[in-house]
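Chemist: Here's the letter readout for the chains.
2 protein chains.
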Amino acid sequence: MQITFLGTSSGVPSRQRNVSATAIQPEKSRHWALVDCGEATQHQLLHTPLSPQKLSIVLITHRHGDHCYGLPGLLASCQLNGRTEPLTLVAPEAVWRYLQAVIELTDLHITYPLQFVAVNSALSLNIAGFRITAHPLSHRVPSWAYRFEETGIPKKLNLARLKEDGIPSGHHYACLQAGEDVELPDGRVLNSAEYTFDSWSARTVVIAGDNDTPELLSEACRGADLLVHESTYTQEVLEHVGPEPQHSSAERVARFAASAGLRNLMLTHFSPRYLKKARKKRDRSIEEIRHEARLHYSGRLFLAEDFEAYVLDRNGRCHYVQNLKRDHHRQPGKQSSTRGAPVKKEE
Amino acid sequence: MQITFLGTSSGVPSRQRNVSATAIQPEKSRHWALVDCGEATQHQLLHTPLSPQKLSIVLITHRHGDHCYGLPGLLASCQLNGRTEPLTLVAPEAVWRYLQAVIELTDLHITYPLQFVAVNSALSLNIAGFRITAHPLSHRVPSWAYRFEETGIPKKLNLARLKEDGIPSGHHYACLQAGEDVELPDGRVLNSAEYTFDSWSARTVVIAGDNDTPELLSEACRGADLLVHESTYTQEVLEHVGPEPQHSSAERVARFAASAGLRNLMLTHFSPRYLKKARKKRDRSIEEIRHEARLHYSGRLFLAEDFEAYVLDRNGRCHYVQNLKRDHHRQPGKQSSTRGAPVKKEE
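First to last, the protein sequences are chains D and R.
Sequential numbering from 1 applies to the first sequence in full-length UniProt numbering.
Sequential numbering from 1 applies to the second sequence in full-length UniProt numbering.
Some hints here could point you the wrong way.
In this list, chains with the same sequence are indistinguishable; a pair is considered to hold if it fits within one copy or across any two.
Claimed, not checked - In silico DSSO-like pairs for lysine-lysine, Cα to Cα no more than 27 Å straight-line:
| id | residue 1 | residue 2 |
| --- | --- | --- |
| 1 | Lys28 | Lys156 |
| 2 | Lys54 | Lys280 |
| 3 | Lys155 | Lys54 |
In short, the hints are calculated from the structure, not lab data.
No experiment lies behind these values; they were computed from the predicted model shown.
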C-alpha cells in the first residue's frame, strides 16, 4: 500500500511545497484514491507515475481553496485526455455546489460518469481496494478525516483444520480459498471463513483534513496503522497565532498519536514559515516541528514532503520509498549520487 | 516594456508548458498586468521576480478553465499574504459570476478592494502605465483581445521652438515638460503640448485570447508593435481536427500579421501535441509551427515558452531577454554554461 504526497503546505504554495493533496494506492493496483486536490495537483501528478486516468475516487476533506481549487482542472484534463471511466467524488455538499457552478459558468463539459457522494458519518464505500469511512473533525468549516481499510486480501487455507476435519483435497479447496462456501459429495457444507484466514491483517490508514482536535479521531484510529494529520504549527506559534485558524500543533497531534498507540505518524500541511533549509537567523526550520513531535511521540514519525512516496508494509510498518520527482531524474543503472539516492527517512 | 510568459499550452498543462497566463509590465515599474490566469499561475510566479502584491490588474480573455482556473487561488494567496492594495479584474460577466460562486462556496474572504469591470468594446482603462482597450474575437464562447498602449512617456522640451518664440528658460520649462500649461509674466499662455514631444513613440501590444479569425484584430493592431496570438495548431492539424474548437493555425495568424504590417509576432497557446524535443518518429515538433509561420510572415517571429521574458524596446523591436526560471539558477558572477546562458532567440 503506497501513500504519495502531492502537496504538504498549508494555505499557500511555496517553491518547495504545494497545497494539499495525498494519493493512496492499494498494493498491486494502478487504481488509486486522492484525498484533497489543491490547486496544481494535476501539475504535481505530471511528475509521478500516478495516472489521472486510473484515479477511482477523489475525497475532499473540506471546502477551503487550498484543499479543492485543483479539482475543476483535474476533472477537465481527464475529459480532454479522453477519460471514459467513472469517477466518484466524496466531499461536503458545498464542494459539489462549487464544482457545479464552475462547470456551468466556465463551459466545462464532463461526459464520463461523475458520481457525487455527500460526506457524512454513515459513509461506507468499497472502492479501489479500500473500505472507506468518514469521521468529523473540528475546523472553521465542516472538515472530515477519511479512513482507508484494505480489502481484497488474498486468503490462505487453514490446512491444519481441513486435515483435522478429514476433508480431502480437491477443487473445493480453491473455492474455499476464493471465499466460496462449498458442499461436499457426502452432504457436508463447508464455510469458507471457517477454513481460511487472511494472508495478512488488513492495513488501515487515516488521512485527516484540517483539525484542531486530534482526539476526535480516537474511534477512527482504533486499529489503524498510520495517521496522516496536519501539523500546521509548533505549539509556540499556535499560541502566538491564537485558536482562530483552528489548526493543530505538532505537540497536539503527537500527544494524541501516543495516547492512541499509533505505530506510524505522518505530519503534513505545514505553515510556509517552516523552511526546509533555514537560512537566516529568524527563519523557522521544519525541524522544529519534528523536534516537538518527537518529544511527545516515540513511534515511527515522518514529516511529509512533496513527491515523497511511502509504503505501509504488510506488517503495518511505514517506510519511505523515494521522492518521485527528484529520484525520477536519476539515470537507470547509474550509481546513485548522494542527492538523488533514496535515503532512510524516519526516526 | 516587458512581456513574460507564464503559460503557453492550450487546454491542459504539460511538464514543459502551463496553461495560459501572460504578464505585461511597463518600463521602470514594478506594477504589472496579467492577461489570463490558468491554473497554477501563482505557482509559476514563484519562479519569477513578478510579485502578486504589485499586480494591478487581471484581464481574462474568456471563460474557459485553462484561462481562468488559477484566479481564485491567486486572489486567495494575495489575501493570505496581506495584500491591501486594490486589484482590478476585467473579464466577461460569466467569469465574475464564477469567481463570486467560488468565493461564496469555499469560505474565501477577500478584504482588499476587488473592482470588477465587465469587458466590452467600449472599455478604456488607464492603469498600471497602460491605456487598455478590448476587442472581440471569434471563439466557442465570447473571447477578447486586450490592447495595451503605453502611457506616461516622459516628455522632451521642443527647445528649437521655445527659442524661436523667444521664451527664456526658467521654472516654467519644467512645468511645460511635466505637461502643465503656464502663464508667463508678460501674460503669454504656453500650452505644454505645443512645446514638448514624447521621448519615444508609445509602444502598443495586443494580447489576444482564443480566436479562429485573426482578421478581427485589424483595427486593434493598427499602429501596434507586437501581437501575441494563439497558434494552437499547424494548418494541417487544424484541418484534421476540424473547425469546431475555433482555434487558429500558425498559417492563419502569420498571414494576418503580414497583411497588418506587424513588426513583431509572438505565437503561444500550443497544442500539447507539439513537443519541444520530438523524440519518436510520430512526435510533432514545435518547430513545425515556427516553420509554417515563417512561410507567411517575414517580420520578427517568436514562439513563446514558459518563463521567457521579452522586452519591447523604445524602437518597437521585440527582444528575447531570458528564461526567468532557468537562468535564475545561474550563480551570479559564474561563467554562463551553454544551458543557462541567455541565447538570441528570434528569426
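Chemist: For every hint, state whether the structure bears it out.
Modeler: A quick look at each hint next to the structure:
1. Lys28 - Lys156: So Lys28 and Lys156 pass the 27 Å test inside one copy only (18 Å; across, 74 Å).
2. Lys54 - Lys280: Only across copies: Lys54 and Lys280 sit 25 Å apart there, 43 Å inside one copy, limit 27 Å.
3. Lys155 - Lys54: Within one copy only: 26 Å inside, 62 Å across.
Consistency note: the structure conflicts with none of the earlier hints.
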